[in-house]
Amino acid sequence: MAISLTEAAADHVRRSLEKRGKGEGVRLGVKTTGCSGLGYVLEYVDDLLDSDCVFESHGLKVVVDEDSLDFLDGTELDFVREGINEGFKFNNPNVRGECGCGESFSV
Amino acid sequence: MKKKTMSLVQIVEPDAPAASGQPRLAVGIDLGTTNSLIATVREGQVVPLPDEQGCFALASAVRYLQDDSVSVGHDARQCASCDPLNCILSVKRLIGRGVEDVQQLGEQMPYRFQAGESHMPLIETVQGAKSPVEVSAEILKVLRHRGELALDGDLFGAVITVPAYFDDAQRQATKDAATLAGIKVLRLLNEPTAAAVAYGLDRQAEGVVVVYDLGGGTFDVSILRLSQGVFEVLATGGDSALGGDDFDHVVADWIVQQSGSSTDLSPGEQRTLLRMACDLKEALSQAESVTASYGDWQGELTRSRFEQLIEPLVSRSLRACRRAVRDSGIDTGEVTAVVMVGGSTRVPMVRERVAQLFDCQPLTDIDPDKVVAMGAAIQADILAGNQSGNNDLLLLDVNPLSLGLETMGELVEKIIPRNTTIPVSRTQDFTTARDGQTAMALHVVQGERELVSDCRSLARFELRGIPPMVAGAAKIRVTFQVDADGLLSVTAREARSGVEAHVEVKPSYGLSDEAVSRMLEESMAHAEDDRKARGLREQQVNAGRLLETVRVALQTDGDLLDVAERALIDEQLELLEQLASADDQGAIARQVQKVNQATHEFASRRMDATVRRAFAGRQLEEL
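If you read the sequences in order, they're chains A and B.
Under my numbering, the final residue of the first sequence carries the number 107; numbering is consecutive throughout.
Under my numbering, the final residue of the second sequence carries the number 1623; numbering is consecutive throughout.
Calculated directly from the structure, the hints in this document are not laboratory data.
Just so you know, even glycine gets a beta-carbon here, dropped at the ideal spot from N, CA and C.
A few of these clues could be false.
To be verified - Simulated DEER-style distance windows between Cβ atoms:
hint : chain 1 : residue 1 : chain 2 : residue 2 : range
1    : B       : P1467     : A       : H58       : 43 to 51 Å
2    : B       : A1129     : A       : D67       : 41 to 49 Å
3    : A       : H58       : B       : E1013     : 21 to 29 Å
4    : B       : D1429     : A       : D11       : 42 to 50 Å
5    : A       : D67       : B       : S1453     : 58 to 66 Å
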């Protein structure tokens, strides 16, 4: 399996990286948070770590650390507009339940 | 029921705390001579963190035991008299100091010292030789552990306070101790600045702040000028052997005298007596009179009698204040705030006398024992990024002494003048002094004087691999960079070849506070001498350069001169060489003129000859 970006997500990541002026790509990860336990992390990548898995999508590097990959494998990152909000959405096949606060999920 | 969709995610900077996430655990640490403290910002409130017994102050005492364990704090201090060699007290007086400095202090300290590598003094203990950095790290480890227990997680980092007069070496050593204790140093902060921050004085537009810090064993006074969010240290002063402990001693002496008991006391009796004296002192901050009992004797100590007893000590601190005011060049009328630090400032008389001196009611609302750690905690919270949008509150400091390079003639070229706001980076271009010079020695010095020998040497390094060029053609760009902690790194780079050399200044030991203030005083007192000395050196360098140029020319083109002409030049050169080694600046300058005149004709003949040589054998059209 792999991690991929939709075209909309790739466009937005590329624009963001250009605006920032530096960075290898984006990092997807999970952290413990919220009421269902896990939350998503999305950050710029400046330095690759030994434990990182790197995927290529639409010519962009998508980086996930080993530990997070168990929870994220198969995820497609999308960029959507919901009402007045714009942002990235994780389409994650591993998710069993999402919490009421919208911050966390469980697998 | 409709399930709420997952909220959308934005890309964030790596390492930045997520907006909805936990704040980073950042602490402020006051690493004191007698006691150390740790504080943090929790839910917007600054709170000092206590140990399991609810005690805030950790005695800055470290004991190395036979069984390889280390005890830190009150228990270690208790053992100072029974195990003096392995109980290290007041290690702050040793950190970043050289063997020579320590030997001077050594008279008051019972430890056995040995010289370690790079001049660092080592203390012999049952667990082997320990450096002041290692001893300080033991104290910091205990505080780190306390912080992690209280905050329930790994510390992100800490702001650690140091006295304003700490130099590069002492700051670096403090930072090393933190690293050794597994603490990431977000920033070193001057103690008086931290106290001012705790009172929120950094949010004022400008003003002059006096910080009066009367601790257990040391007294420090600092005069800071705040302008546009930058604290500039105008002057520091103090007395490294004056503190609240001295108050206890005079009270104890009074008890012995009044009760008529023997002055020949055992160490145990002495401790009991001092403990009692300390209790009486503290009680008198509230009460007008207290009852003392010692053995069969009972007596009354009134506040006014107590004030008579401590009067000479308080006056001593005020004298140091007046000296600092004089050094700073301000008028006491300009003082906008006085901050009280240290437990002994609870004594009402101290407050009154300080208020009188500066004609300004001192700030005393925050616990004077904790105010420094609390200010550091506020700064740590900002640096950890927990106060979003408040980055402009980032405090700036200044470097206490000028930093520069040695140039020809042992003169100092100041690159970063004293009181420049840090962090700072300054660049200056230098060049080679001789034809074909391929290496350059750089000597980094710190101090206010004009001559290298009067300043403190921080580091030496070499730039090699400069392509051979005529003197003055190479362009060597030297960059001095001082980071937010006041630590220096120097880079030299030759522009054409790109060769580069770099040094992080980690001096083996530092200057004492007395040495720093002495150097400052000397620079004022010697300003005139220094200008003269500089002028003389410049003339000497001029003369030397001229001598060398003429001699090289004589070697290659000596045949352009007849014997008489040659003799005249040689005579003038001889005279110049003699004068250059003496110290009459005017005479050297005049002789340089004479040599220039004497060689004028020679120079034009050489020019002609060179031109002829260059054009020889060429057709006019080629030119």
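We went through each hint and held it up to the structure:
no.	hint	in the structure
1	P1467/B x H58/A: 43 to 51 Å	holds (48 Å)
2	A1129/B x D67/A: 41 to 49 Å	holds (43 Å)
3	H58/A x E1013/B: 21 to 29 Å	holds (22 Å)
4	D1429/B x D11/A: 42 to 50 Å	holds (46 Å)
5	D67/A x S1453/B: 58 to 66 Å	holds (60 Å)
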